[in-house]
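4 protein chains.
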Amino acid sequence: MASEKAGGKVWIVPDCFLPAHSTGNLKSHESACVLNIGKKPARLKFTAYFENREPLEGLQAACPPRRTNHIRIGSLKNRRREAIPLGTPFALKIESNVKVVVQHTRLDTSQPALALMTTMAYLAD
Amino acid sequence: MASEKAGGKVWIVPDCFLPAHSTGNLKSHESACVLNIGKKPARLKFTAYFENREPLEGLQAACPPRRTNHIRIGSLKNRRREAIPLGTPFALKIESNVKVVVQHTRLDTSQPALALMTTMAYLAD
Amino acid sequence: MASEKAGGKVWIVPDCFLPAHSTGNLKSHESACVLNIGKKPARLKFTAYFENREPLEGLQAACPPRRTNHIRIGSLKNRRREAIPLGTPFALKIESNVKVVVQHTRLDTSQPALALMTTMAYLAD
Amino acid sequence: MASEKAGGKVWIVPDCFLPAHSTGNLKSHESACVLNIGKKPARLKFTAYFENREPLEGLQAACPPRRTNHIRIGSLKNRRREAIPLGTPFALKIESNVKVVVQHTRLDTSQPALALMTTMAYLAD
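Chains as they are written, first to last, in the working numbering: chain A, 1 to 125; chain B, 1001 to 1125; chain C, 2001 to 2125; chain D, 3001 to 3125.
If you're looking for bench data, these hints aren't it; they were derived computationally from the structure. Backbone N, C-alpha and C fix where the C-beta goes; we use that ideal spot for every residue, glycine too. Among the hints, a few may not be true.
[As the list claims (entries may be wrong)] Cut-off 25 Å, straight-line C-alpha distance, at most; resulting in silico cross-link-like pairs (SDA-like, lysine to any residue): (1) B:K1027 to A:D125; (2) C:K2009 to B:L1123; (3) D:K3009 to D:Q3060; (4) A:K39 to D:E3057; (5) A:K9 to D:E3051; (6) C:K2040 to B:E1051; (7) C:K2040 to B:K1027; (8) B:K1027 to A:A62; (9) B:K1040 to A:D125; (10) D:K3039 to C:R2066; (11) C:K2009 to B:N1052; (12) B:K1040 to A:T23; (13) C:K2009 to D:K3045; (14) C:K2009 to B:P1055; (15) D:K3045 to C:R2079; (16) B:K1027 to A:H21; (17) B:K1045 to C:T2047; (18) D:K3039 to C:D2125; (19) B:K1027 to A:L18; (20) A:K45 to D:G3058; (21) D:K3039 to C:T2047; (22) C:K2099 to B:K1040; (23) A:K77 to D:K3039; (24) B:K1027 to A:F50; (25) B:K1040 to A:E54.
[Claimed, not checked] Here chain A is said to cover these stretches of chain B; the calculated rule only asks that three of the stretch's residues, wherever they fall, bring their Cβ under 8 Å from a Cβ of chain A: (26) 1025 to 1033; (27) 1087 to 1097; (28) 1109 to 1123.
[Stated by the list, open to error] Derived Cβ-Cβ restraints for the label pairs, each shown as a range: (29) D:R3066 to A:K40: 32 to 42 Å; (30) D:E3051 to A:K45: 44 to 54 Å; (31) D:L3086 to C:N2078: 38 to 48 Å; (32) C:R2072 to B:E1057: 39 to 49 Å; (33) D:N3078 to A:P85: 37 to 47 Å; (34) C:P2041 to D:R3079: 26 to 36 Å; (35) C:N2078 to D:K3009: 41 to 51 Å.
Throw the hints in and build the complete structure from the sequences for me.
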């Protein structure tokens, strides 16, 4: 397998939500976990879709060649320094200039103890 | 990628269940999270399949263009105002007039603390 | 979409485990959730693969047309009345005579509170 | 279906993390659950990708024919006896000489109670 062939350039995650509350030592968060097994750096562009407003575009991240990046979605910013609000349902489209694989995970500690959920993103190439 | 090409028109989720009990501040529920990145509104038709009775058809929802809708499955109603009962195993078929992406999530607080599970729905186009 | 076209006839779940312990009111279990949206009854044959012994074959279940069946994996039996042991890692192959969709879920209450995980089975047609 | 046709030879899991802490009787861990329904033994080679260092290559495991192996990722070693560190984000590429199916699961007890997440690995053949 040529490593350049692993994955795709457009990934979608319909169920995103950044819980506003946390308990214990672990902070509630969501991650877009990206693997780039190719030889070129991946430039990633996130678009956040909401229920009642226009999409938030141009959220940026990167993943070097032969590296993974577990990107905290709550930390993403665009050039205007806009970020995704907490406690709001949204969805993500993740576009990359090179092929990558994307998995999405939520860690939720809004009630005592810990809940996890994960799924491969939907490949929309 | 033309945004009209993301996703599909028929999605299936075999494991659905609306827990009848909740603890803490978070109410147990299931959501069908839909993303419509296209330019036309999505009209969604849900069919619920059960273990021991005829399917419940015509449950309706919508998702505007360039929006997500995290649809509470327990709130769906058809024209006869019928809804899916709590505490009963069922499965869902979700049909859309335009291409969408569907992810299904259960949040269960029937025992103290919080459990989450999620999966992309199965694309049956 | 012709409803006969939804899904496939061979599904695989590598991570199966029936927890031997439960806490609270919910008993730990795994379910293979099957949806048959077609017009013919589905006859299902499960094969359980283990780490250190021969597979257990011929575990049987069914799913009527236009019905779902959330099959408790711990209740499956073959003609010799053999079942899958608790507390043992295994994997499942699920074969159907007609196309179905299969999702696998574990509910684990071995430690207080509740944990859930789910995934669509892998379609091996 | 010829059993040799089930699955693939290259699988990817972007979100891996071995929690350093555990509570209760269950130790936090991740498993790569492999099913080999074919007739030939599977030799498995794992590559771990990190955020800030070169990949760790040559981690080895096996899965006999008609068997499953729920491989503890924290126990994998290469010929230099190197292993994956705890508490560090990473991603996995799993390569097999014969077709297999791979599912990835994390069990996390870092906070009291139990959290589970699972997904089929991404097939990159």
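Hints, verified against the model:
1. B:K1027 to A:D125: Cα-Cα ~36 Å, so violated.
2. C:K2009 to B:L1123: Within the cut-off at roughly 15 Å; holds.
3. D:K3009 to D:Q3060: At roughly 15 Å apart (the allowed maximum being 25 Å), Q3060 of chain D and K3009 of chain D satisfy the hint.
4. A:K39 to D:E3057: holds (16 Å)
5. A:K9 to D:E3051: Cα-Cα ~20 Å, so holds.
6. C:K2040 to B:E1051: Between K2040 of chain C and E1051 of chain B the Cα gap is close to 15 Å, so the pair holds against 25 Å.
7. C:K2040 to B:K1027: violated (38 Å)
8. B:K1027 to A:A62: violated (37 Å)
9. B:K1040 to A:D125: Roughly 20 Å between the alpha carbons, so the hint for K1040 of chain B and D125 of chain A holds.
10. D:K3039 to C:R2066: Outside the cut-off at roughly 36 Å; violated.
11. C:K2009 to B:N1052: Satisfied, since the Cα-Cα distance of roughly 23 Å is no more than 25 Å.
12. B:K1040 to A:T23: With a Cα-Cα distance of about 41 Å, the restraint between K1040 of chain B and T23 of chain A is violated, given a limit of 25 Å.
13. C:K2009 to D:K3045: violated (30 Å)
14. C:K2009 to B:P1055: Roughly 22 Å between the alpha carbons, so the hint for K2009 of chain C and P1055 of chain B holds.
15. D:K3045 to C:R2079: Violated - the C-alpha atoms of R2079 of chain C and K3045 of chain D are around 39 Å apart, more than 25 Å.
16. B:K1027 to A:H21: Answer holds: K1027 of chain B to H21 of chain A is near 15 Å, not above 25 Å.
17. B:K1045 to C:T2047: violated (35 Å)
18. D:K3039 to C:D2125: holds (18 Å)
19. B:K1027 to A:L18: Since the Cα atoms of K1027 of chain B and L18 of chain A sit roughly 17 Å apart, the hinted pair holds (cutoff 25 Å).
20. A:K45 to D:G3058: Roughly 33 Å between the alpha carbons, so the hint for K45 of chain A and G3058 of chain D is violated.
21. D:K3039 to C:T2047: Satisfied, since the Cα-Cα distance of roughly 15 Å is no more than 25 Å.
22. C:K2099 to B:K1040: Status violated; Cα separation ~32 Å.
23. A:K77 to D:K3039: Cα-Cα ~51 Å, so violated.
24. B:K1027 to A:F50: Distance ~22 Å between K1027 of chain B and F50 of chain A Cα, so the pair holds.
25. B:K1040 to A:E54: holds (15 Å)
26. 1025 to 1033: holds (count 4)
27. 1087 to 1097: As far as the stretch 1087 to 1097 of chain B goes, the hint is violated, because 0 residues have Cβ atoms under 8 Å from chain A.
28. 1109 to 1123: holds (count 10)
29. D:R3066 to A:K40: 32 to 42 Å: holds (41 Å)
30. D:E3051 to A:K45: 44 to 54 Å: violated (20 Å)
31. D:L3086 to C:N2078: 38 to 48 Å: holds (41 Å)
32. C:R2072 to B:E1057: 39 to 49 Å: violated (27 Å)
33. D:N3078 to A:P85: 37 to 47 Å: holds (44 Å)
34. C:P2041 to D:R3079: 26 to 36 Å: Violated, since P2041 of chain C and R3079 of chain D (Cβ atoms, about 53 Å apart) do not stay within the stated range.
35. C:N2078 to D:K3009: 41 to 51 Å: violated (32 Å)
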